[in-house]
Amino acid sequence: GQQVMQIPQYQHVQEGEDFTTYCNSSTTLSNIQWYKQRPGGHPVFLIQLVKSGEVKKQKRLTFQFGEAKKNSSLHITATQTTDVGTYFCARGSGNTGKLIFGQGTTLQVKP
Amino acid sequence: DSGVTQTPKHLITATGQRVTLRCSPRSGDLSVYWYQQSLDQGLQFLIQYYNGEERAKGNILERFSAQQFPDLHSELNLSSLELGDSALYFCASSVPTIRDTGELFFGEGSRLTVL
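Protein chains in written order, with the working numbering: chain A, 1 to 111; chain B, 1 to 115.
Note that these hints are calculated values from the structure, not bench results.
Just so you know, not all the hints are guaranteed correct.
Reference listing, derived: stretches of chain A covered by chain B, where coverage requires no fewer than 3 residues with Cβ under 8 Å from a Cβ of chain B [said to hold, decoys possible]:
hint: 1; segment: 38–50
hint: 2; segment: 98–109
Keeping only pairs whose Cα atoms sit at most 27 Å apart, straight-line, the calculated BS3-like set for lysine-lysine is [claimed, not checked]:
hint: 3; chain 1: A; residue 1: Lys98; chain 2: B; residue 2: Lys9
hint: 4; chain 1: B; residue 1: Lys57; chain 2: A; residue 2: Lys69
hint: 5; chain 1: A; residue 1: Lys57; chain 2: B; residue 2: Lys57
hint: 6; chain 1: A; residue 1: Lys98; chain 2: A; residue 2: Lys69
hint: 7; chain 1: A; residue 1: Lys98; chain 2: A; residue 2: Lys110
hint: 8; chain 1: B; residue 1: Lys57; chain 2: A; residue 2: Lys98
hint: 9; chain 1: A; residue 1: Lys36; chain 2: A; residue 2: Lys57
hint: 10; chain 1: A; residue 1: Lys69; chain 2: A; residue 2: Lys56
hint: 11; chain 1: A; residue 1: Lys69; chain 2: A; residue 2: Lys59
hint: 12; chain 1: A; residue 1: Lys98; chain 2: A; residue 2: Lys70
hint: 13; chain 1: A; residue 1: Lys70; chain 2: A; residue 2: Lys51
hint: 14; chain 1: B; residue 1: Lys9; chain 2: A; residue 2: Lys36
hint: 15; chain 1: A; residue 1: Lys36; chain 2: A; residue 2: Lys69
hint: 16; chain 1: A; residue 1: Lys59; chain 2: A; residue 2: Lys110
hint: 17; chain 1: B; residue 1: Lys57; chain 2: A; residue 2: Lys70
hint: 18; chain 1: A; residue 1: Lys59; chain 2: A; residue 2: Lys36
hint: 19; chain 1: A; residue 1: Lys56; chain 2: A; residue 2: Lys36
hint: 20; chain 1: A; residue 1: Lys98; chain 2: A; residue 2: Lys56
The model shown is predicted, which means the values in this text are computed figures rather than measured ones.
Just so you know, even glycine gets a beta-carbon here, dropped at the ideal spot from N, CA and C.
Whole structure, please, built from the sequences with the hints as guidance.
Here is the structure:
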């Protein structure tokens with residue numbers, strides 16, 4: 001259906017290690033958005049991917065959209081303690097609303 | 001500060017009661033979304049309004065209702081509350097485009113505790 005599956009659910013890394021979270025859909029996605037929620041905070045928009053095979057970078061964060069537009073990934077290089085939080089992907093359904101969020105990947109970074 | 005204002009920030013009530021959560025979207029945003037986040041859970045889409053009209057519906061219980069007023073603020077009404085309704089309720093707003101929902105700006109949430 002319209003669900004997006006995120007893996008892993010939790011990830012503990014040592015500061016300086018890399019981190020990747022994956023978002024998968026059984027159906028083709030029109031676009032994918034990524035959000036970050038710090039502990040005790042609210043989700044904050046990171047990026048939107050629209051084109052097949054699209055790759056976007058934000059400093060140490062690299063976002064990819066699969067060629068078939070059924071999966072996406074977020075990769076963080078050399079994690080820092082400020083990267084702690086839950087990362088959500090979300091699929092859109094055109095302009096009719098109903099932005100569906102994945103279950104999220106919670107990242108813990110050990111200093 | 002996202003520009004989305006939610007009140008109250010915290011609310012404690014008893015089972016069977018009714019509460020109203022309020023949301024003021026960012027200036028100029030016509031769309032308002034409501035999400036429910038239970039402990040260690042993801043964001044469950046409840047409902048979306050666009051310029052006063054219901055646009056999309058998610059897994060919203062019949063005990064819950066919402067509306068968007070002419071000044072674009074929105075209210076989420078939760079009635080006959082049960083323990084399981086305890087959660088963080090987020091409101092978000094956006095300026096949807098023809099192609100997609102656009103970036104969502106979330107408020108800080110209203111934490112509801114039902115005892």
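Taking the hints in turn, this is what the structure says about them:
Given a C-beta distance limit of less than 8 Å, the hint that chain B covers the segment 38–50 of chain A holds, as 7 residues qualify and 3 suffice. Under a criterion of three residues with beta carbons nearer than 8 Å to beta carbons of chain B, the stated coverage of the segment 98–109 of chain A is upheld, 7 such residues being counted. For the hint pairing A:Lys98 with B:Lys9, the CA-to-CA distance comes to about 24 Å; that is within 27 Å, so the pair holds. Straight-line distance between C-alpha atoms of B:Lys57 and A:Lys69 comes to about 25 Å, which keeps the hinted pair within the 27 Å bound.
The hinted pair formed by A:Lys57 and B:Lys57 fails the criterion: a straight-line CA distance of about 33 Å is larger than 27 Å. Straight-line distance between C-alpha atoms of A:Lys98 and A:Lys69 comes to about 19 Å, which keeps the hinted pair within the 27 Å bound. Annotation: proposed proximity of A:Lys98 to A:Lys110 is violated, straight-line Cα distance about 36 Å (limit 27 Å). Between B:Lys57 and A:Lys98 the CA atoms are separated by roughly 7 Å; this keeps the pair inside 27 Å, and the hint holds.
Only pairs whose Cα atoms come within 27 Å are accepted, and A:Lys36 paired with A:Lys57 is accepted, the gap being roughly 15 Å. A C-alpha spacing of about 15 Å is found between A:Lys69 and A:Lys56, which places the hinted pair at or below 27 Å, so the restraint holds. Restraint check for A:Lys69 and A:Lys59: the C-alpha separation of about 24 Å stays at or below 27 Å, so the hint holds. About 18 Å separates the Cα atoms of A:Lys98 and A:Lys70, which keeps this hinted pair within 27 Å; it holds.
The hinted pair formed by A:Lys70 and A:Lys51 meets the criterion: a straight-line CA distance of about 11 Å does not exceed 27 Å. Restraint check: the Cα-Cα separation between B:Lys9 and A:Lys36 comes to about 20 Å, which is no more than 27 Å; the hinted pair holds. A threshold of 27 Å between alpha carbons decides the hint, and for A:Lys36 with A:Lys69 the separation of about 21 Å falls inside it, so the pair holds. Of the supplied pair hints, the one linking A:Lys59 and A:Lys110 holds, its CA atoms being roughly 21 Å apart against a limit of 27 Å.
In summary, the hint linking B:Lys57 to A:Lys70 is supported, as the alpha carbons are separated by about 24 Å, within the 27 Å threshold. A hinted pair counts as satisfied when its Cα atoms are at most 27 Å apart, and A:Lys59 with A:Lys36 qualifies at roughly 15 Å. Between the alpha carbons of A:Lys56 and A:Lys36 the distance comes to roughly 16 Å, so the proposed pair stays at or under 27 Å and holds. At roughly 24 Å between alpha-carbon atoms, A:Lys98 and A:Lys56 fall within 27 Å of each other, so this suggested pair holds.
The structure shown violates the earlier hints numbered 5, 7.
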